[in-house]
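S.K.: Take the sequence shown: its position 196, counted from the start at 1, is 196 in my numbering, and no numbers get skipped.
In case anyone wonders, no lab produced these hints; they're calculated from the structure.
It cannot be assumed that every hint is accurate.
Straight-line alpha carbon distances no greater than 25 Å define the calculated DSS-like cross-link-like pairs of lysine-lysine that follow [unchecked claim]:
#, residue 1, residue 2
1, Lys133, Lys117
2, Lys68, Lys104
3, Lys81, Lys68
4, Lys163, Lys210
5, Lys68, Lys163
6, Lys81, Lys112
Pair ranges (Cβ atoms, derived) [to be verified]:
#, residue 1, residue 2, range
7, Ile169, Glu67, 30 to 38 Å
8, Glu75, His175, 16 to 24 Å
9, Lys104, Pro128, 25 to 33 Å
10, Thr162, Glu212, 44 to 52 Å
11, Thr65, Glu196, 35 to 43 Å
12, Met242, Asp156, 41 to 49 Å
The beta carbon of each residue, even a glycine, is placed where N, CA and C say it ideally should be.
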Amino acid sequence: MGGFRSLILAILYTLVMCNEVICSSINSRAAFDEPVLSERTINIKMPGTSPLEKDTYLCTAIQLTPEKQYIVEFEPSASQKTAHHMLLYGCGLPGAPLPSWNCKRGPYTECKQGAQKILYAWAKDAPPKYLPKDVGFAVGGDSGIRYLVLQVHYVDTFQTGTKDYSGFILHTRQHSLPFGGGIYLLWAYSASIPPETSGIHVDMACKYNKPETMFAFAFRTHAHTLAKVITGYRIRDGIWTMLGKGDLRLHRPFIQWKEHLR
1 MGGFRSLILA ILYTLVMCNE VICSSINSRA AFDEPVLSER TINIKMPGTS
51 PLEKDTYLCT AIQLTPEKQY IVEFEPSASQ KTAHHMLLYG CGLPGAPLPS
101 WNCKRGPYTE CKQGAQKILY AWAKDAPPKY LPKDVGFAVG GDSGIRYLVL
151 QVHYVDTFQT GTKDYSGFIL HTRQHSLPFG GGIYLLWAYS ASIPPETSGI
201 HVDMACKYNK PETMFAFAFR THAHTLAKVI TGYRIRDGIW TMLGKGDLRL
251 HRPFIQWKEH LR
């Protein structure tokens with residue numbers, strides 16, 4: 001009997017901030033205890049969608065205002081009873097000129113052209129994520145991100161007449177911040193599983209070549225049925241430093257480190 005190739009979808013999301021000089025506090029909540037000026041909110045939610053079949057990925061988009069903004073908090077408005085997970089993309093143009101569309105099956109994807117970045121990922125009723133002081137995800141303006149696209153993965157269909165309005169409330173600031181935030185994502189989409197095998201490792205790696213210094217301050221893992229544990233490392237000069245280890249049977253939001261990792 002031969003082995004088979006299966007979808008693994010093992011993902012390590014690492015929240016990072018980049019700046020060549022400035023290093024700020026990594027206390028994620030204290031930064032918001034002081035008065036905040038010029039803070040606004042952006043709402044992006046599904047427009048009353050209803051998946052017609054199981055394992056459906058639906059997307060919706062909103063156009064951003066011309067001025068540049070910095071996302072400092074991601075507040076989910078969803079339940080794991082409805083949404084298996086949600087991804088927030090930043091795009092130059094959305095994948096389709098529609099109120100909502102299937103962005104995994106058919107002619108449309110999440111983004112059509114221009115910039116395409118994963119800004120945030122949510123699953124399993126994770127709480128809101130407050131970014132550290134002086135850190136923000138730039139959108140609009142000259143960032144290249146003109147639209148936000150929300151992708152929701154629905155595992156099951158709905159009862160007749162049920163509609164979904166899952167999404168995010170994004171808290172933004174209008175003034176520039178010292179650190180640019182982002183997600184450094186590593187993922188394995190598929191792997192070959194030999195017959196009569198109790199477990200295998202699926203390895204993935206990439207090299208960071210950017211000139212800016214990158215500071216990692218939080219991580220989370222995500223996988224589907226077959227994956228059990230995901231572990232992330234930084235490898236430098238032959239030395240392995242563990243970033244984090246996620247037991248996928250447990251409820252795990254983003255995990256904040258006490259100290260940033262450079």
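S.K.: Against the 25 Å threshold, does the CA-CA distance of Lys68 and Lys104 hold or violate the hint?
M.R.: The hint is violated at about 30 Å.
S.K.: The hint says 35 to 43 Å between Thr65 and Glu196; measuring C-beta to C-beta, is that right?
M.R.: Violated, at about 58 Å.
S.K.: Lys81 and Lys112 were given as a pair; does the straight-line alpha-carbon distance stay at or below 25 Å?
M.R.: The hint is violated at about 30 Å.
S.K.: Keeping to a limit of 25 Å between CA atoms, is the pair of Lys133 and Lys117 held or broken?
M.R.: holds (22 Å)
S.K.: Can the suggested window of 30 to 38 Å be confirmed for the beta-carbon pair Ile169 and Glu67?
M.R.: Violated: the Cβ-Cβ distance is about 19 Å, outside 30 to 38 Å.
S.K.: Do the alpha carbons of Lys163 and Lys210 lie within 25 Å of each other, as the hint requires?
M.R.: Roughly 43 Å separates the two Cα atoms, so the pair is violated.
S.K.: Between Glu75 and His175, does the C-beta distance stay in 16 to 24 Å?
M.R.: holds (20 Å)
S.K.: Are Lys68 and Lys163 close enough, with their CA atoms no more than 25 Å apart?
M.R.: violated (33 Å)
S.K.: Need the status of pair Lys81, Lys68: alpha-carbon distance at most 25 Å?
M.R.: violated (35 Å)
S.K.: Measuring from beta carbon to beta carbon, are Thr162 and Glu212 in 44 to 52 Å?
M.R.: holds (46 Å)
S.K.: Can the suggested window of 25 to 33 Å be confirmed for the beta-carbon pair Lys104 and Pro128?
M.R.: holds (27 Å)
S.K.: Check the following: the C-beta atoms of Met242 and Asp156 are separated by a distance inside 41 to 49 Å.
M.R.: Roughly 36 Å apart at Cβ, these two residues miss the hinted range, so it is violated.
Hint violations for this structure: numbers 2, 3, 4, 5, 6, 7, 11, 12, all remaining hints satisfied.
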